[in-house]
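A.B. asks: Residue-level listing of the chains:
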Amino acid sequence: MSDQEIIEQLKQGSETAFRKLVESHQRLVVNTCFGLVHNREDAEDIAQDVFIEVYRSIQQFRADSKLSTWLYRIAVNRSLNHIRDNKKHKWFQSFEKDVEARNRQILQVESSPADHPGYEMENKQRAVILQEAINSLPENQKVAFTLNKYEELSYQEISEVMEMSVSSVESLLFRAKKNLQKKLYKCYKKKCM
Amino acid sequence: MKCKAVHSKLIFFLERELPEPEMKAVREHLAACPECALFAEEMRKTLSILETEKVSEVNPYFYTRVKAKLDRQSEIQPSGIRSLVLVRVLQPVAFSIILILGVYGGVKMGATGAKTGSAFTAEQEMVPYLNEMDVEPLETFLME
Ligand SMILES: [Zn+2]
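Heads up: the sequence lines are chains A and B, in that order.
With this note's numbering, letter number 49 in the first sequence gets 323, and the count goes up by one each step, no holes.
With this note's numbering, letter number 21 in the second sequence gets 24, and the count goes up by one each step, no holes.
In isolation and in its complexed conformation, chain A is listed as follows (with noise of 0.2 Å):
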């Protein structure tokens, strides 16, 4: 079934074909959600909700339109709503001072270090340092950033997803990396891990 099958089965209220459209587009919808989120339970329960979304609104979905643009558009609003209502406590808190309390909270759940081989340890470590400094891009950047990392889009399609310019996401991207470089540094002078 093609894309545009699903989607006529879809208007025409068929379960089966929300099931295929679901399957078929889980895992894009997940890894986008995923990647803003960092929270694999956090990322399902946002992807489900975008699913019951397109379900609910696909009447209005328009046929020359790609329904993967669309699919990402929704993930990425509900995901970064998702960040505004978790961010609400966190205004005064730096990236450094992140990093850290993770940090120390791993080494915490980690009761005994001889029951991981370290480098899985140093993965964690690594993997929150890498959280912490995608978090705090300003969202545009950070947008731009997963769909290129985590869905591997090209700028053309990021462009479509966004709603700019092919050159506004070079340019997002270019300061998406030059910021994450800041950060890396600055946690690799300050020992973070």
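Note that these hints are calculated values from the structure, not bench results.
On a predicted model such as this, the values are computed, not experimentally measured, just so you know.
Cβ coordinates follow ideal geometry from the N, Cα and C atoms, glycine included.
Any given hint might turn out to be false.
To be verified - Listed below are several chain B residues computed to face chain A (Cβ distance under 10 Å; list not exhaustive): (1) E20; (2) E56; (3) F65.
Chain B with the ligand: place on chain A using the hints.
C.D. replies: Here is chain B with the ligand on its own, set in the frame of chain A:
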């Protein structure tokens, strides 16, 4: 190339996005400068986490959960409308009936003095009972 210049280009070097002459200059600097080489290695390792974080396996229960959530929400909606109907329509209707009965009762009471007494005692019995309901702590209610 100086250390500072290398630091500002490192991420683009790792992403292989620099023009070839610059790629070469950074490569040469890293070969000669252990300090920058260490940071470059650190950054490479951290960025490589991106690859490992991608979801490769899909949750087999995902569709079932979406469907369950959707059904749950569709169930809530009609009952939500129903309760709205209750509040918006039935409540005024109920008040009107009480009002009419009240007026009717008042007229009746005024007409026949004999019946007034029983109406009053019925009311007095009701009031303390309702008050008790109000002040009863939630805990005792739950304990039963
Ligand atoms: Zn150097």
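A.B. asks: Is the hint on F65(B) kept, meaning its closest Cβ partner in chain A is under 10 Å away?
C.D. replies: Result: holds, 5 Å to nearest chain A Cβ.
A.B. asks: Can you verify the interface hint for E20(B): is its Cβ closer than 10 Å to any Cβ in chain A?
C.D. replies: holds (8 Å)
A.B. asks: Just to be careful: measuring from the Cβ of E56(B) to every Cβ in chain A, is the smallest value less than 10 Å?
C.D. replies: holds (7 Å)
The structure meets every hint from the earlier list without exception.
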